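Given next are the chains, with one letter for each unit.
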Amino acid sequence: EAGVAQSPRYKIIEKRQSVAFWCNPISGHATLYWYQQILGQGPKLLIQFQNNGVVDDSQLPKDRFSAERLKGVDSTLKIQPAKLEDSAVYLCASSDDGTENTEAFFGQGTRLTVV
Amino acid sequence: AQSVTQLGSHVSVSEGALVLLRCNYSSSVPPYLFWYVQYPNQGLQLLLKYTTGATLVKGINGFEAEFKKSETSFHLTKPSAHMSDAAEYFCAVSSRRRALTFGSGTRLQVQP
Chain D
117 EAGVAQSPRY
127 KIIEKRQSVA
137 FWCNPISGHA
147 TLYWYQQILG
157 QGPKLLIQFQ
167 NNGVVDDSQL
177 PKDRFSAERL
187 KGVDSTLKIQ
197 PAKLEDSAVY
207 LCASSDDGTE
217 NTEAFFGQGT
227 RLTVV
Chain X
60 AQSVTQLGSH
70 VSVSEGALVL
80 LRCNYSSSVP
90 PYLFWYVQYP
100 NQGLQLLLKY
110 TTGATLVKGI
120 NGFEAEFKKS
130 ETSFHLTKPS
140 AHMSDAAEYF
150 CAVSSRRRAL
160 TFGSGTRLQV
170 QP
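As given, the protein sequences belong to chains D and X, one line each in that order.
Using our numbering, the letters of the first sequence correspond one by one to residues 117 to 231.
Using our numbering, the letters of the second sequence correspond one by one to residues 60 to 171.
Derived by calculation from the structure, the hints in this document are not laboratory data.
Computed from a predicted model, the values in this text were never measured in an experiment.
Hints may be right or wrong, so weigh each one.
[Claimed, not checked] A short, non-exhaustive set of chain X residues, derived as facing chain D with CB atoms under 10 Å:
| hint | residue |
| --- | --- |
| 1 | Asn100 |
| 2 | Gln104 |
| 3 | Lys108 |
| 4 | Phe149 |
| 5 | Arg157 |
| 6 | Thr160 |
In this text, a Cβ means the ideal position worked out from N, Cα and C, and glycines have one as well.
Chain X on its own, in the form it takes in the complex (with noise of 0.2 Å):
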């Protein structure tokens, strides 16, 4: 079985600040795990995903994560909020040929 837990439902951050949201995942299976964003309205898009390799992983728009197998986190950060990163986000896990198992998603707010 597969899980993703993403603490923190709303975060809000100021523009220009660090921002970190959390995942935690549960697999029986070595993971691959993704994280996507959702802007209103919109389908869900990539920012980035960990499959093996390099355990820090660059995505789009600033985004990175790293892959902690001891903490089984996969925690996504930016070095500097931009007001257009405000969205939801959403932590997500496959494995063995299943589809991704999203979390509940992590909304987050840039305040001018």
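With the rest of the complex left out, here is chain D (with noise of 0.2 Å):
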């Protein structure tokens, strides 16, 4: 069965613009996830989605950072306007029940510098 599918693999962008990662789950997995990795650290979950329902988004930097999943397949993540810090692998994830013994496919990640 085909995997996650992330786009773009790299970006790189200035501080203040834009950017958007778009994920497609595997087909028919209910749960999807956006977490964050910075360089030296673990993964840390930004938001969690139930089908096109926000589960948790308790780690989402609001103010700049959104995340939509409308017809709950496939998701993207918007940063506006970027920081320096936000510079990381952005990793999409989907579990096809969402309980906390299902195993999480994560896809390749996209890595995103801010100049």
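Using the hints, put the two chains back together into the complex; each one sits in its own frame.
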């Protein structure tokens, strides 16, 4: 089966610019996650969707980050305006039912560099 | 609240030697525990997971981990390291329908 698809793979922008990332989860997976992985750290959850509803966005910096999953399938994550500290790899993951013991499958990530 | 601590950001072993990567967790409810591996410029791949039942869990590529509730630990081991095991390893915990909380990772180097 096809894995989690993310695009673009790499993005370089200047601070204060905006950027958007796209994710297409594994077909049929109800739960979608966006994680931020700063160099040298483990992934940190930004937002969790169940179908097209938000389950957890407590760690999403809502003044500059937004995410949507309008039809309960693919998702976009946007940063506007970007700061230097947003440089990181943004990982998208999906799981079939979002329960705590099911495996989350990860995409290859989008590496963002803010200069 | 749930959290994970991985002891040692870098571990270096010789090819053929034992691999031991340490993970301690904190959770107010019975945890589900995971080990993921990340190769350069790749996403994370599940190595193994503990949910309920047997406390010794076997995963892919010859790795295994043992859940020890009394020590709040879930250390990852492999009897004999291979060059292809060089990667970053992440321990993670989840509970009560919450998403995974990851540790800071351990980079494993395998020396020839």
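Going through the hints against the structure:
1. Asn100: It holds, given that the least Cβ distance between X:Asn100 and chain D is near 7 Å, below 10 Å.
2. Gln104: 7 Å, holds
3. Lys108: Because about 7 Å separates X:Lys108 from the closest Cβ in chain D, which is inside the 10 Å limit, the hint holds.
4. Phe149: 5 Å, holds
5. Arg157: Nearest chain D Cβ about 6 Å off; hint holds.
6. Thr160: At about 7 Å, which falls below the 10 Å cut-off, the nearest Cβ of chain D leaves the hint on X:Thr160 intact, so it holds.
Hint compliance for this structure: every hint is met.
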